[in-house]
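Same order as they appear, the protein sequences are chains A and B.
All residue numbers for the first sequence refer to the working numbering, where the first residue is 1 and numbers rise by one.
All residue numbers for the second sequence refer to the working numbering, where the first residue is 1 and numbers rise by one.
One or more of the hints may lead you astray.
Stretch by stretch, here's where chain B covers chain A in the computed footprint (C-beta under 8 Å, at least three residues) [stated by the list, open to error]: (1) 38-49; (2) 102-109.
Derived pair list, reagent style SDA-like, types lysine to any residue, alpha-carbon separation capped at 20 Å [stated by the list, open to error]: (3) B:Lys41 / A:Pro8; (4) A:Lys44 / B:Ser26; (5) A:Lys41 / B:Lys41; (6) A:Lys102 / B:Ser29; (7) B:Lys41 / A:His10; (8) A:Lys78 / A:Val50; (9) A:Lys44 / B:Arg93; (10) A:Lys44 / B:Asn18; (11) A:Lys41 / B:Gly59; (12) A:Lys41 / B:Gly40; (13) B:Lys41 / A:Glu104; (14) A:Lys44 / B:Leu2; (15) B:Lys41 / A:Ser87; (16) A:Lys102 / B:Ser45.
Worth flagging that the hints you see were computed from the coordinates, not collected in a lab.
Cβ coordinates follow ideal geometry from the N, Cα and C atoms, glycine included.
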Amino acid sequence: EAGVTQFPSHSVIEKGQTVTLRCDPISGHDNLYWYRRVMGKEIKFLLHFVKESKQDESGMPNNRFLAERTGGTYSTLKVQPAELEDSGVYFCASSQGYGRAKYEQYFGPGTRLTVT
Amino acid sequence: ELKVEQNPLFLSMQEGKNYTIYCNYSTTSDRLYWYRQDPGKSLESLFVLLSNGAVKQEGRLMASLDTKARLSTLHITAAVHDLSATYFCAVDRKETSGSRLTFGEGTQLTVNP
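Extracted from the complex, chain B is given alone in its bound form (with noise of 0.2 Å):
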């Protein structure tokens, strides 16, 4: 069975600091994404990794995969205010017929001024 587990679950930090949140899932996968949740809203898709090494920026957020470690990161540079959110790590595997995600169960990150 695919696990992911994030961590922190909790995340406070104050604004221009830097802070990574870390995604580990626990057998081969294929895809990596990464979501962020505001309160109400839809999961806006952040950034989608598709192979080792893969990094991705946008913005103060940047994103890797290292597949080998079975891990990603999700590293925030100099936060701000609006970067307050619930981040969700999830993983899935090509199948036939589309496929199912499996996700880690969110970092709820409060960035402060």
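Excised from the complex, chain A in its bound form (with noise of 0.2 Å):
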């Protein structure tokens, strides 16, 4: 069974330019999850999708992020325009939904951003 895949693994981009971030969870997980982690520090939340719908937004920093879910399949994060502080690494995770040994979140290998 694939794992979780993110894509691209490294992104180099300028300030004020836009990146998307695209992550493809486990085929049947209902639940996906944004994080980041930033310059070392602890890994983010950032949001939660339940199939196409998102369930909790509280964590995306400001109105320069994005998040969409097209059809309940893969996510994509799209920052727009890039500042500096966005500079860290991006992590996605997936999980089957409800009930014992559902909830265990299965996570990507990340990917790096680097605004410069």
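Join the two chains, each given in its own frame, into one complex according to the hints.
What follows is the structure, encoded as structure tokens:
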């Protein structure tokens, strides 16, 4: 079974540019989460999709960040325009849903974003 | 707001030695997780601890949970170089629609020959 995949693995952009990160969850997983780790600090929650709906986006830092999950499959996270403080590693995770042993989140390898 | 603190943040140890990583969390949570991350790789789930007094062991790693003290420990026995990685603890709360994880800052472990 394929795991969570993320693309690209690395992205270097200039301040003011736009970047779109993609996450493909494990097939059949309704829940999809975005997290990021900035400057070696803790990994912080950004938002949570259940299928195509945003369940919780309280962790999104500001309106320069836009996440979508078309058709409840893959998700994209767009940063526009990027700022220096957006640099970090963006992780995606997915889980099946409710119930015993279905809550566990499986993580992708992350996208390392560098804004110069 | 749920907060998670890990210590130490950096740990350099000799092969064959024992050590413990500590994880404190600020409010009641439902599950505690330990993850391992190798550079450029995914977070790999090591343990999920669900109840007070839970203890789980896998190889040279053993995790325990004390919900009254809001403390989990990850104990490393007779460390080997292959254990070098960053270790994260995280907690969550059961919600009606899945759960968001709150992470500690991670402990970067280096095991020296």
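Structure-based check of each hint:
Evaluation of the coverage hint for the region 38-49 of chain A: fulfilled, as 7 residues show C-beta separations to chain B shorter than 8 Å, against a requirement of three. Note: the region 102-109 of chain A has 7 residues with beta-carbon separation from chain B under 8 Å; the three-residue rule is met and the coverage holds. Our distance criterion of 20 Å between C-alpha atoms is met by B:Lys41 and A:Pro8, whose separation comes to about 13 Å. Annotation: proposed proximity of A:Lys44 to B:Ser26 holds, straight-line Cα distance about 16 Å (limit 20 Å).
Distance restraint check for A:Lys41 and B:Lys41: the Cα-Cα separation of roughly 17 Å lies within the 20 Å cut-off, and the hinted pair is therefore satisfied. Of the pairs offered as hints, the one joining A:Lys102 and B:Ser29 holds, with about 17 Å between alpha carbons and a cut-off of 20 Å not exceeded. Proximity of B:Lys41 to A:His10 is assessed by CA-CA distance (about 12 Å); at most 20 Å being required, the pair is judged to hold. With a C-alpha separation of about 19 Å, the suggested pair A:Lys78 and A:Val50 falls inside the 20 Å cut-off, and the hint holds.
Simply put, A:Lys44 and B:Arg93 have alpha-carbon atoms about 15 Å apart, close enough for the 20 Å limit, and the pair holds. Between the alpha carbons of A:Lys44 and B:Asn18 the distance comes to roughly 30 Å, so the proposed pair goes past 20 Å and is violated. At most 20 Å may separate the alpha-carbon atoms for a hinted pair to count; A:Lys41 and B:Gly59 exceed this at roughly 28 Å. Simply put, A:Lys41 and B:Gly40 have alpha-carbon atoms about 16 Å apart, close enough for the 20 Å limit, and the pair holds.
With a C-alpha separation of about 18 Å, the suggested pairing of B:Lys41 with A:Glu104 holds against the 20 Å cut-off. In summary, the hint linking A:Lys44 to B:Leu2 is supported, as the alpha carbons are separated by about 12 Å, within the 20 Å threshold. Our distance criterion of 20 Å between C-alpha atoms is met by B:Lys41 and A:Ser87, whose separation comes to about 18 Å. At most 20 Å may separate the alpha-carbon atoms for a hinted pair to count; A:Lys102 and B:Ser45 meet this at roughly 14 Å.
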